[in-house]
Amino acid sequence: MTSGNWWKKDEEWRREEWDVALQLSDGVGLYRIFRELRQNAWFVEGLYD
Amino acid sequence: MQYAELHARSAFSFLEGASVPEALAYACFAKQLPAMALLDRNGLYGSPRFHFAAKPNKISAHVGAEVSVGDTLTAEPSYYPLLVRDRAGYSNLCRLITKTKLRALKNQTSAATLDELEEHANGLVCLTGDEDGPLAAALRIGGISQARQLLEHLIAIFPKGNLYVELQRHFRPEQEARNHAAIELAREFKLPLLATNGVLYAGPDERRVLDALTCLKHKCMLDEAGRLLQTNASRHIRSGKEMALIFRDLPVAIANTAELSSRLEFVLESLGYEFPHYPVPPGETEISYLRTQVDQGMRERYRTITDKARRQLERELRLIEKLKLAGYFLIVWDIVRFCRTNKILVQGRGSAANSAVCYSLGITAVDPIAMDLLFERFLSEERGEWPDIDLDLPSGDERERVIQYVYQRYGERGAAMTANVITFRSKLAAREMGKVLGFKPDALGRLSEVASSWEWRGPDDNFDNYFRKAGFDLNHSRIACFLELCKRVIDLPRHLGQHSGGMVVCQGALDSVVPLEPASMPNRVVLQWDKDDCADLRIIKIDLLGLGMMAALRESIDLIRTHYKEEVDLAHLSADQPDVYDAIRKADTVGTFQIESRAQMASLPRNNPQRFYDLVVQVALIRPGPIVGQMTNPYLKRRMGKEEVTYPHSSLVPVLERTLGVPLFQEQLLRMAMICANFSGGEAEELRRALSHKRSEQRMKQIETKLRVGMTQNGIPPETQDKIVQFVSSFALYGFPESHSASFALLAYASAFLKVRYLAAFTCALLNNQPMGFYSPATLVKDAQRHGLKVRTVDVGSSDWNCTLEGEQDSLSLRLGLRYVRGLRQSAGEALVDARRKRPFVSISDIAARVPQLGQPDLRMLATVGALNSISTESGARLHRRDALWQVQKYGTRVPPMLEGVIEQDTSSPLKRMELEERLVADFHGTGMTVGPHPMAYRRQQLREKGVVSAGELKQLWHNQPAVVAGAVITRQRPGTAKGLIFLTLEDETGHANILVMPDVYSGNPLVVLRERFVCVHGLVQNQDGVVHLKAEKIMPLNVSAADVASHDFH
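As given, the protein sequences belong to chains A and B, one line each in that order.
Quick note: the numbering used here has the first sequence finishing at residue 73, numbered continuously throughout.
Quick note: the numbering used here has the second sequence finishing at residue 1062, numbered continuously throughout.
No false leads were slipped in.
A short list of chain A residues far from chain B (calculated; beta carbon distances all over 12 Å): (1) Q47; (2) G53; (3) E60; (4) Q63; (5) D73.
Short, incomplete list of chain A residues facing chain B, as computed with Cβ under 10 Å: (6) W31; (7) K33; (8) D34; (9) E36; (10) D43.
Derived from the structure by calculation, the hints contain no laboratory data.
Cβ coordinates follow ideal geometry from the N, Cα and C atoms, glycine included.
Only chain A is shown next, with the shape it has when bound in the complex:
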């Protein structure tokens, strides 16, 4: 759980963050995904090398 920019109405964010491992055809992929709680929408933030 992270949150920030609470002092800016338009830029305030609150997230639930997960690092997830996915079984892919060529191995395992490790991703950082998050749910933006204000929009209740999931996003992929990045991929671990």
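Based on these hints, arrange chain B on the given structure of chain A.
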């Protein structure tokens, strides 16, 4: 499962925690936690407050600290959470913190070494810490192998279950990775795990406050703070259930908290504090030695010793012996003796003046037996607390000598000053929170201006209104944030200051009782608790208070000896001289102690003091207690014979007779309870304390019941009981001790005596000991001039650093000192005086050459205020200020080597002399005053034509007569007790005029009242009982002079 929170920081970690200890204790109560350990950074600052908030809520308040330790294994210092297990551990923790702190400069961090940690580890339990702890640091630097090395080391320091591997879960991936490593290591080393929440604030909402404080700490704005801020709001007090859920995979880490909590047996009340013993000669005990000193002192004080005096002394000595306080009295006596030996004026104040032992020992100057003062107010068996002795000393160097004597006598670690916690108030909160949110300085300046700092607060004095008045739109989200932060930080500690004079001394070492640290003043050590914490923990302190008036009295006596060839002995001053009382009755008291304020002056003609006891009453009369308790006016009416003297009950006549049936003193309250309700002396004092601060409704009810039961037993009818209960409860909050009043009255009389008999010496001493008192130096000078004293301007040819007296005994004049030249450093001023003493100055170039400490700004300022006018030009003419300014342009900068030692003759300039107005502006700008005519004197003719009367003439007008008066505003006051009324004092060449400004007149044009230096006031004269005010109807700015006349504003 029971969970105890064993790692929490409060706002006493100064910008690294966001809640006061009480808020944490209440949150523990709300979340049903049985125990919490407060581990503030490098200190036990918040421990007493946490202890006393937790205790009534049945929460165990564990003691500890996060101590910064630097070592090679973690590269940078990291914070070791240390928990106190027993008293040995507590002493070790205090000593470890003290050792670290005392080697650092004020406000600089310093860390303990691992060796020091080892040396002080006994009785302490160590946790491996959070992200700032040693384990995280070791993992960061050298991975698991470095962490292993660290744990091996720590196991050696904290063996047998005194080292715990700490786990915190704030939903952060990097933290969880660290936890995995920590769990592995704990298994490997067979160390117990311990779950904590690393609490930094009571509830999740305070995370914002912590973010703002973090920015203050790092001197940045929220917008640029990035990773310095909290990633979420999870470091708050959590219930056992929440923590068990978070650590559901590791129940043992939760169970261990309860187990460890049960092993932490130390509580803050078992501090081991002991007041030092006094070294007595062989064959003597402390009490026998005290008896000898009291006996000797008694013979000096009381020329004939009455049975009453003997009985009282014996009673006091027996109680002192019983309470084992003889050492304390001897130590205070020793300090007083040091003062006497070194010719330092000293006078005990406060409740100590109720004690005949203190009087005999020379600690106090008022005879409590002659004045029939109540000993129980000072010391009682029932109260079970230390007595409080305050010593007034001349402020400045002499007080410092006494403080250093105490340090020297008890050692650097045996004595310290109490701390003073500086908290966020409105203006500071607005300024600092605005800064972190990135508001511009001008907007913050507006807010700061409207944020009220008057003592009186109306319903509009709140942050919402300040923001509106400063033009902020509260619907704007960032402004709403700003407002919220301001409200939340109010009362949080900001940093540690130093109490004005409380000294704590301890048998053995004070640093094993409380951590000590360096104060901002060199050679001073301060302890980490304030005076209330010390009182709560029964740590005895001696207040060594600096009083400007004591320094002025001492200097007056020296000046009188030198210039009047007379010896004044304040200890044997008979307080009965009619000319002194004449002046006091006329309120001719500018510059005197305690009876010079506007409110005091307004009551002096009504109280009409004729003898010393009237002055004792006078000092106590103008206080919030009697005013709020509505005792002041009834007393004055009775004094003037306008109201009948009555008593609530006939049994109270002996108690209230001296104050005409109106209770004015705390001692009277005590006696009332003793007589009406059969309270013992100790019980009565307990009643006063219960009502005085931190009063609770429940306690009030209990006391009222007890009072009523006693009064009923004594046959006092219910309606009289109501009256007495009302007297007691309304008065206890603010009442002033009669003994304290008597001590102050002595100083008030002495100062009035010196003013009446030795005006030149007294004024000179006052000017050399500023700041003090109610009026600015400019007002003191004008008042002295109206009394016939000649005051001469600053002159490099005659002035010393201090003000001095010139001439013969019957024609003394006062020469202003160089200390009044704005910006001039004392070292430069003294260098000038030294050079002049070798030989007089012949030119400005001579001054510049012989006093290189004077920079060009100094020379310019001396020229501006006319201090160089006595230097002659080549032709022998005197320089005027512009001539001098013209000349000094050449000097005060580096002299080329070829020209060194060359003395040039000053020549006059082609410039015109300064005009009158320019000289006035220069005088006020450069010295804060003028010794020439008052600025109003130059406008008198014009003002008279407009129907404006002078301050002197105003006093002759009838009650309710319309009048217009004008003058320089010299004081502004809005007392907390005056329902929003503002009092202004205007000064002109004839004296002072008092102006009453009602709230509606003020709100019509607040800036004229607050800012204008000269005003013209239309209003109605209030002339009653010889006291004259003008009740303002209209206040207008007046264009008299651009001179920067200073006003003393009391907020």
